[in-house]
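Residue numbers (my numbering), protein chains in the order written: chain W, 77 to 342; chain B, 77 to 342.
There's no promise every hint is true.
Same chains, same names: a pair is fine if it fits in one copy or spans any two.
[What the hints assert, rightly or not] Below 16 Å or equal to it, Euclidean Cα-Cα: the simulated EDC-like pairs (lysine to aspartate or glutamate) are: (1) K186 / E249; (2) K316 / E287; (3) K242 / E228; (4) K296 / E317; (5) K181 / D253; (6) K217 / E228; (7) K186 / D275.
Quick caveat, the hints were computed from the structure, so don't treat them as lab data. Computed from a prediction, not measured in an experiment: that's the story for all the values here.
There are 2 protein chains.
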Amino acid sequence: MKKIGVFDSGVGGLTVVKEIRKHFPHLDIVYLGDTARLPYGDKSESTIIDYSLSNTKFLLNFDVDLIVVACNTSSAIALETLEKKFCKTPFVGMIKAGATLALKKTKFKKIGLIGTRATIMSGAYKKELLRMNKDVEVFEKATPLFVPLVEEGFAEDEVSFIVAKKYLSPLLEKKIDTLILGCTHYPLLMPTIKAIAPDVSLISSGRATVEFLKENLDIKANNKKGSLEVFVTDITTHFKEVAEKLLQEKINLEHISYERMNGNEN
Amino acid sequence: MKKIGVFDSGVGGLTVVKEIRKHFPHLDIVYLGDTARLPYGDKSESTIIDYSLSNTKFLLNFDVDLIVVACNTSSAIALETLEKKFCKTPFVGMIKAGATLALKKTKFKKIGLIGTRATIMSGAYKKELLRMNKDVEVFEKATPLFVPLVEEGFAEDEVSFIVAKKYLSPLLEKKIDTLILGCTHYPLLMPTIKAIAPDVSLISSGRATVEFLKENLDIKANNKKGSLEVFVTDITTHFKEVAEKLLQEKINLEHISYERMNGNEN
Chain W
77 MKKIGVFDSG VGGLTVVKEI RKHFPHLDIV YLGDTARLPY GDKSESTIID
127 YSLSNTKFLL NFDVDLIVVA CNTSSAIALE TLEKKFCKTP FVGMIKAGAT
177 LALKKTKFKK IGLIGTRATI MSGAYKKELL RMNKDVEVFE KATPLFVPLV
227 EEGFAEDEVS FIVAKKYLSP LLEKKIDTLI LGCTHYPLLM PTIKAIAPDV
277 SLISSGRATV EFLKENLDIK ANNKKGSLEV FVTDITTHFK EVAEKLLQEK
327 INLEHISYER MNGNEN
Chain B
77 MKKIGVFDSG VGGLTVVKEI RKHFPHLDIV YLGDTARLPY GDKSESTIID
127 YSLSNTKFLL NFDVDLIVVA CNTSSAIALE TLEKKFCKTP FVGMIKAGAT
177 LALKKTKFKK IGLIGTRATI MSGAYKKELL RMNKDVEVFE KATPLFVPLV
227 EEGFAEDEVS FIVAKKYLSP LLEKKIDTLI LGCTHYPLLM PTIKAIAPDV
277 SLISSGRATV EFLKENLDIK ANNKKGSLEV FVTDITTHFK EVAEKLLQEK
327 INLEHISYER MNGNEN
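With the hints as extra help, turn the sequences into a complete structure.
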C-alpha cells in the first residue's frame, strides 16, 4: 500500500487526510475536492452517484491502491455502485468506519447521528449500526446548516452555538452517550458541540477511518514522507487558506475542470 | 414579446418569475433552476460563466424572445459574455435593473448592497450605480449565510435575525437609506430585514426587473394566461414545495440532466 486516493465534495475531507497523514505518514495521497459541484448533501441520489463515479475515475488515473470516499453523503449513497463498477479497487467509506468506532465507544447503546439531509435520509448509518448490533438504539438528525456555518467562518460564533443547540437538543433528550459526526466538516464544530454535549463521545470520520485502516488493511509504515497532491474542480476563495490551516502544512492546489474530469473515461 | 426564458442557480429566481407573472400574466415563461450545481455565489468566475452559458443554450432551444438572468451572481459575472456570445438575444440582468430602482428610491444617496461573495467581489453593482450617478455612496457586504438559512427554512427564525443583525450593522452605521437585496433568495428574508432596518427602502430583484421591463420593452399585455414550464437539473427535496409556496400556484417540475443540457449545443 503506497498511494491512496481520497475524494470529497470540498475541503471537509481533508479532516480525514489529516488523520491519515498523522498515522500513516509514508502514504502518497491524491486528494480531489469537487468544489465546482459542492455541496452534495442536498442533492438527489442519482446526481450524487454521477459525481462520485466521475471523482473515482479521475483518481484511478493516478494508479492509487485504495480509494477513501471521505464524503459521508457519497459513502451513504454511492459506495455500493462504486464497488460494483470498479471491482478491482478497494474502497473505504465513512459509514462502516464510523459505525464500527461508535459501537466500540457506546456504553448504553444509545447512539446519536448527525449528517446532511441526504446522508440521514439514506438510512445507511442506521442500517449498518443495526446490522452490527441489533440491540443498539439510533437517534438521527439532519443538520444541513452546519456545512455553510463552517465554510463561512461561523464555526466558533454564537450563531453556531444556537443552531447546534436546536439541532442537538432532541438527541440529548434521548440520552445518547455517543454521537457520530456524519459529515467531514463537522469536526471543525467540535468545540461548540463539546460545549453543548460534554459527556457524549464524539466520533469523527477521520479518526474512524484511521481505526478502520489499522484493523482491516496491512499497511506497512516506513520512514519516507509521503506526498500530498490536492486537486479541486473549482478554485474558490477560501479553499487553500482553510486547507492549510486544517492540515498545518503548505499545499500546492491544482485545478482540474469538471468537464475535463468527465472526459477522463477509462 | 410572447415567451421569455428565466434562469437561476436554484429556486430563488422564482421570486422574479412571481413578479413578472403578476405584471405580465400573458407571457409564457420557461424557467431553469440549475439545482445540480448550485450555489453559484462562492464559485469562481470561469465556472459561473460556464454554467451561465449552458443554461442560456438550454433556454434558447425553446425559442424564447428574451432571457432574464434571474441570478445576481450570473448577472454580475457572466452577462457581458452572454450578450457577446448570443448577440441576437436580448438579456435582462439583475444589476442594471436593481441599480436603476435603487437610485430612484434613495433620498440621501447612501445605498447599501448585500449579496453573495461572488456578486460583491465582482463590484458590478457599485460600478453600475456610480456610472449612473457619480455622487452616490455605496456600502457593500457579502452575506453568504443568507441563502442556506432560507433554503433550510430558518428565514423567520431567531438565528436569521442574529445573522442579519451581524451582517447589516456596519451598513446601518453608514446611514444607508436604501438597501439592494442583491440575491433572489433574499426577499424571503424581507420580514427579518425589515425588523432590523425599518426605515430603509428594500430593493428586490423581482420588483426591479418588472420596473425595468416596463420602461425598456414594448410588452403588449393581453388577456391570455401565459404558461409556466419549470426545469431543474436535479430533483431536490424541497424545490417543488418551496416553489409552489412562493408562486402560490401548482407547478409541473421537469428534470433535465446537466450532461444532457451540455449536449444541447446550438
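query = Under a CA distance limit of 16 Å, which applies to K242 and E228: within one copy, between copies, both, or neither?
reply = between (19 Å within a copy, 13 Å between copies)
task = With 16 Å as the alpha-carbon cut-off, assign the pair K316 and E287 to within, between, both or neither.
result = Neither, since 28 Å and 42 Å both go past 16 Å.
ask   = How would you classify K217 and E228 at a CA-CA limit of 16 Å: within, between, both, or neither?
value = Between copies only: 13 Å across, 22 Å inside.
key: K181 and D253: within-copy, between-copy, both or neither at 16 Å Cα   = For K181 and D253, only the intra-copy Cα distance (9 Å) is at most 16 Å; the inter-copy one is 56 Å.
ask   = Between K186 and D275, at a C-alpha cutoff of 16 Å, which is it: within one copy, between copies, both, or neither?
value = within (13 Å within a copy, 51 Å between copies)
query = Under a CA distance limit of 16 Å, which applies to K186 and E249: within one copy, between copies, both, or neither?
reply = This pair counts as within: shortest intra-copy Cα distance 11 Å, inter-copy 49 Å.
task = Please work out whether the CA atoms of K296 and E317 approach to 16 Å or closer within one copy, between two copies, in both situations, or in neither?
result = neither (32 Å within a copy, 53 Å between copies)
Hints 2, 4 from the earlier list are contradicted by this structure; the remaining hints agree with it.
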